[in-house]
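Asker: Chains as they are written, first to last, in this note's numbering: chain A, 1 to 345; chain B, 346 to 866; chain C, 867 to 1188; chain D, 1189 to 1508.
These aren't lab readings, by the way, just hints derived from the structure by calculation.
In silico SDA-like pairs for lysine to any residue, Cα to Cα no more than 20 angstroms straight-line:
#1 Lys-1437/D / Arg-123/A
#2 Lys-811/B / Glu-692/B
#3 Lys-1283/D / Arg-761/B
#4 Lys-685/B / Asp-218/A
#5 Lys-41/A / Trp-185/A
#6 Lys-1032/C / Gly-1173/C
#7 Lys-565/B / Asp-592/B
#8 Lys-217/A / Gly-1500/D
#9 Lys-1181/C / Thr-1463/D
#10 Lys-39/A / Phe-174/A
#11 Lys-221/A / Glu-692/B
#12 Lys-203/A / Glu-735/B
#13 Lys-452/B / Gly-1500/D
#14 Lys-671/B / Glu-621/B
#15 Lys-203/A / Lys-724/B
#16 Lys-1437/D / Leu-1353/D
#17 Lys-961/C / Pro-180/A
#18 Lys-203/A / Glu-725/B
#19 Lys-704/B / Ala-530/B
#20 Lys-961/C / Thr-938/C
#21 Lys-759/B / Asn-278/A
#22 Lys-389/B / Arg-518/B
#23 Lys-1008/C / Arg-1192/D
#24 Lys-1389/D / Asn-471/B
#25 Lys-368/B / Ile-580/B
#26 Lys-538/B / Asp-823/B
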Amino acid sequence: MYTMLAILMGLLVGAVIITISGYNPVEAYSTMLKGIFSKPKYMARTIIRSTPLILTGLSVAFAFRTGLFNIGVEGQFIIGALVASLLGYFLDLPAIIHIPIVFLGATIAAALWGAIAGYLKARFGVHEVIATIMLNWIALYTSNYIITMEGVKKPGTESTYDILESARITITGFRHVVGPARIHWGTLIAIIIAIIVSYILFKTTIGYELRAVGYNKDAAKYGGINVNKNMILAMAIAGALGGAAGALNIMGEGYHVSVLAATEGYGFNGIAVALIGNNSPLGVVLSAFLFGGITFGGMRMQQLGIPTEVINIVIGSIVFFIATYRIFEYTKKYFKKKKLQKEVK
Amino acid sequence: MNKEGGIKVSGSKQFNEVVVEMKQIVKKFGDFVANDHIDLTVHKGEVHALLGENGAGKSTLMNILYGLYTPTSGEIHINGKYVDIKNPNIAIENGIGMVHQHFMLVKPFTVAENIVLGMEPTGFANKINMDKATKDVTAISEKYGLHVDPNAKIEDISVGMQQRVEILKALYRGAEILIFDEPTAVLTPQEIKEFIQIIRNLTNEGKSIILITHKLKEIKETSDFCTIIRRGKRIGTVNVEESTEDDLASMMVGREVSFEVEKEERKAKGEVLKVENLVVQDHRGISVVDGLNLSVRAGEILGIAGVDGNGQSELIEAITGLRPSKSGKVLINGNDVTNKTPREVFESGISNIPEDRQKHGLVLDFTVEENMVLENYRKEPFSKGVRIMEEEVNSFAKELMEKFDVRPRNEKNKARALSGGNQQKVIIAREVTNDPDLLIATQPTRGLDVGAIEFVHKSLVEQRDKDKAVLLVSFELDEIMSVSDRIAVIYEGKIVDVVNAKETNENELGLMMAGGGKVEE
Amino acid sequence: GAKPEEPQTEEPAKEEALKIAMVTDVGGVNDKSFNQSAWEGLQKAENELGVKPGYQESKQEADYSSNLELLTDAGNDLVWGIGFLMGSQVEQAAKDYPEQKFAIIDNYYENPSENLLGITFKEQEASFLVGYIAGKMTKTNKVGFIGGMDFAVIHRFDYGFKAGVKHANPDAEILSQYAGAFDKPAIGRSIAESMYAKDADIIFHAAGDTGNGMIEVAKEKGKYAIGVDKDQNPDAPENVITSAVKRVDNAIYNVAKDLKEGNFKGGTNITYGLAEGGVDIAPSSDKLVPKEILDEVAKLKEQIIAGEIKVPANKEEFEAMK
Amino acid sequence: MELRDLAIILGTTLMYCTPLIYGALAGVFSENSGVVNIGIEGMMTIGAFAGTASGFLLQEAFGNVWWVPLLGFIIAGIAGGLFGLLHAVASVTFKADQVISGIAINFLGGGVGIFLARRIFASTTTPALPLESKISRPLHGLLKDSPILASVFDQFSTVYFAFFLVALSWYVLYRTKLGLRIRAVGEHPKAADTLGINVYKIRYFSVILSGILAGFGGASLSMAIVANFRPTLISGQGFIALAAMIFGKWKPQGALVACLLFGATTAIQIYLGGTEAGAGISTHLLSMIPYVVTIFVLIGFGGKTSAPAASGAAYEKDER
Ligand SMILES: Nc1ncnc2c1ncn2[C@@H]1O[C@H](COP(=O)(O)OP(=O)(O)OP(=O)(O)O)[C@@H](O)[C@H]1O
Ligand SMILES: Nc1ncnc2c1ncn2[C@@H]1O[C@H](COP(=O)(O)OP(=O)(O)OP(=O)(O)O)[C@@H](O)[C@H]1O
Ligand SMILES: [Mg+2]
Ligand SMILES: [Mg+2]
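Put together the whole structure using the sequences plus the hints.
Answerer: Pasting the structure below:
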């Protein structure tokens, strides 16, 4: 409810910016919407764009639920993508085995990557925010290093070779509808994972333990829960989710990873997505599509000469108003009071 | 009790100057009415007690008087003139001070820093003049006989000391009207004695005092008048000298309550808990439990009497696996559980009502029902495999809340939203229902109203009558003496002596607790 | 082979102006570097050929393919990809949209499809010239090179430069270091600090923003620096003696011209070197470089164009030289 | 390794850690008052832009006058402060989730900065400040003829100012009335409230101050280390600073140590890259050094850290 209002307010601020920069906001936003809905293939691309965000968002949300702040999705994503592209290219197997191996391999690698932060916290009390920030950079450079190794790097490029057909999860078949847009099973998988995550969190003893540790370590310990084990587990699962995002992105759409000068922001956008989605798995799915839609459709505004930064401003505003949803409560209260006073008189 | 607060006589004393007058105070939280048109009148030099069940609305009313909560409706007059107490500043300006039930102290700060906070004496460049602060603090603490070490950090001093700091905070701000919210709930008998003396000093200095407590004995000892609140409504105000503890009790609960725990003689059976030469260190690495021996038998309640800080907490934490033991043994029904994990200890048949309800006892952000299965969530019927069976948990919680009268009766509430008293009931319900071989209870009735206390004591005795062992740790001698079969006195980490509850008395125990007893090998 | 489907290009040319648009990499269109230079090329085409230019910026790798598609849908006659980073995406787009013409800056294709044109530059040749200048002008007989990340493109600058220095002055020493990033000016600074401290007196960079850190130091220390891609002299008029410029604008313009004249060289790769005016030293060089050296440079140019001097593009070729 | 190299390493350390110090101090103030601030990155970005942009425009209007860089630096602080205000409004007045509004700040800081750059300069990068209008180097004259000392100490005023601010922050936090109140509000807001301290006011002050400091941090990059703003100029420093602040156990002096460590490891990494040995190693591996070292140092020192008790929690009256 308030989220809707927040989104409107955010778009409103964007409209103001657009107007003062001398463009027509109505035109701008309709271009944005056209950019998303005017053609099936655009919708397809919006969905493709949103898919990794579902999982990076989940990763952040999950960690939050267990009392941890996972700024490390960025790195976990990179590791997942890297391992996926390696397994996808170097292993040569029939699809039925290749796909699961690539996906699981990448996810597990990322899980371990995430677990490092959990272990450092559990064993040495290293704050996960520091650990994950550092690990993001380490992941980036590790990836760059491996990509540029002999035999891994495709000559004449700064990327790995494309993964084999047998490792791809792109849905062909619909080219006549979505054109070259690479829709893939990852979207479905991501949504299923979201459902599983919410089940684990709220319906299982695993989730009960994780949340208990997140809220009150002492009480959890008193209740017989192994706090350290759960902290590591929480980060491992968060890492797995981040890695899954990277893996599916490669298996479905990207096919290869490239040397990166800086992280691409899937992780940080994931934080925004998680928070817009109020850290609830379902909310995350929705907000991922919202986020993906705005960023993707927003790119279209350039065709009117509107600089891309406006999109960031719009997103920033939306997130800001979601954070301050109480503005709306307050105004509501305020008017209630007004009414009451009138009635009194 | 006269509403317009004119002359008021209580035995020898006579009060004529009204300092506080709360009129028709209403406080709603959402649509829950915590205070329902409450009147309260306090005179200069008077000690006015507030009595009521857990969740009756006492703290709320006082938080309103101190400007922490804003009343939904109603008026407050201080020294005869209307005051809109929007925030504590205004309360302070009007000479009101409050000692909160959960202390409002900044743990990493020193005593002096906590006291002067908000009224810091400063020098050049806004620099705090700590010397002056320390002097001032020492000065008032001398004046009222509230001795504290100004430079000690809060986290390192005893609860009693912390309370003195709270009082000094109020006095430092020149409070004339002092509110105490369950001041003695956390104090040892010695500290309580001292506290009562402090109250006297204060009233002699002409201060007025509002005292929230669940301990009728204290009310009789200290108070002139007592206002009783039930479910947010004011039942009445009585002249304490003219009314018995039973009157007060029945007024607040709305029924007769019995104080002495009736339990018939029983023969204790085999040994359930055996502690041998146990050594436990505290966070500073000092052996606060130091070669302690103890044995609890089935069908008996063993009470551990002792002044706070003689190793009780560490002993219990060590037994329950929350704290490592340096050396020695802990045996349950003959098998060794020394340094086992809390779960292993629990499985071996020990349940524990912890001393710190909010730190260990509850996950405050879990719902009441989730808290009800804190140890048993992985067991049938509450879960099958990894799946939690919500219906089971829910009905279980409902049942216990009914049985143990947890209010408000909503298992979906966050534990945080319960009154501390009710939070305690949740824990007791959970632990007693485990039906363990050994039930450990540390300060189980702290902060509970008499009705609740009666109930808790009954539950302990029931356990014992089911031939279970019960280990009770309490700083309140009356409780120890009325509930226990045998009493072990702990002093400096050792059991000084174990006596039969029938064959001892306050003085003997008090003496041993002060270290004046023979150590038995 | 200049035999693309004539009609395609003829028609739009007849009724309305040619539409050409470009997809920038994450640098954005106003990056004061080769994205901007490409854009200037399109603008030149607009003024002189009446082309209707357009661009679409990318924020992350995932944007490349969708941006290429967008510009295709926008009915452009030619869609540019700027930067080798989108090499595979452009190739894919060319497959996906066989009717659409694509071209890319800085990428060479093994066998490009008929609608795809790859443009690469002989950065080494310009680097050779600035290297020569450096070799001649150094007083300490020591010069430096700072590379961004170690990419093949950057190697062309690196070894072209080294060859140039050696050509001018065989016993000059060349310090060379890669910063590992294009966006860390602070690192560029301290590399420069130490190179100057080891008394190198001229430093050449191919490191984007990182290189700007070097130019700052040059400014502060009053040392000489050599810019890259565009004429960087304006950033430090007393210090940037010359720049190895990459005339992306020329390439873009020429291709537009070809397209207009109906001979878009799809299905091929074109390399722009000194000969094609694709690379050069900055015109502003005459401000700080002595006339006589520039004259020699002019001669070298001819020799290179004539193929008398073969400029190395990577380590192997460089080693092979001596 | 020669003395000269050592000198350069030290110099680089100082240069590199400066923006981090400002950022970390920004974190220190905000978090000690109980407001988590992960918007430092965004605040630094807007500061970086505002400083160098205003500096350039002023310089064009008034020429290279001594106060131009100074004013530019102050404007950078103000710009950061405004975003601090934004964060405060959200997280103090409207009890927003402090992480969310921090994230929002990061989007807005970058967005607005680049947006304005395009509006004003028709480019995502601002024009370069002339040397004379950059932040000054106070010791430049003195050290002219002692290159070794110069490579260590010939630093921008922003570097020395950063160290001064660390000392000042320590004094304010641990010696003054204000500091005591800030920490009290961060540890136990309700206690502070019951003593009549205005929790909201203290938090507003601290968070705005936090923004100002972050703004300075941005400017210390865009007006000194380089002479102009670019979209990639602030790329992660805000988060490194955040980490440094936590590393430093929420204390100014601790944060300083962390920043120095990070600067030093970076300097060493760069030094190695310049040596024969280092030239052999892939730059990708070398680039990892600072991050890896940081983690190992934390393990060594047993990173056990505890945030101010109330940090992250919005303060509401009528609740406990
Ligand atoms: N901030 C609040 N929000 C919602 N409900 C509240 C709040 N404060 C108090 N209540 C409700 O008002 C009731 C009265 O609370 P109060 O603390 O006054 O009880 P009490 O008399 O102090 O209980 P106890 O004897 O345990 O101290 C409680 O049951 C609680 O549910
Ligand atoms: N967020 C909240 N929601 C509902 N009730 C609350 C909330 N915060 C506090 N309360 C109520 O406020 C009242 C006052 O808090 P207080 O510390 O006095 O509890 P208490 O019942 O007095 O504690 P104790 O039982 O230990 O004496 C409590 O009764 C509690 O129920
Ligand atoms: Mg109370
Ligand atoms: Mg109570």
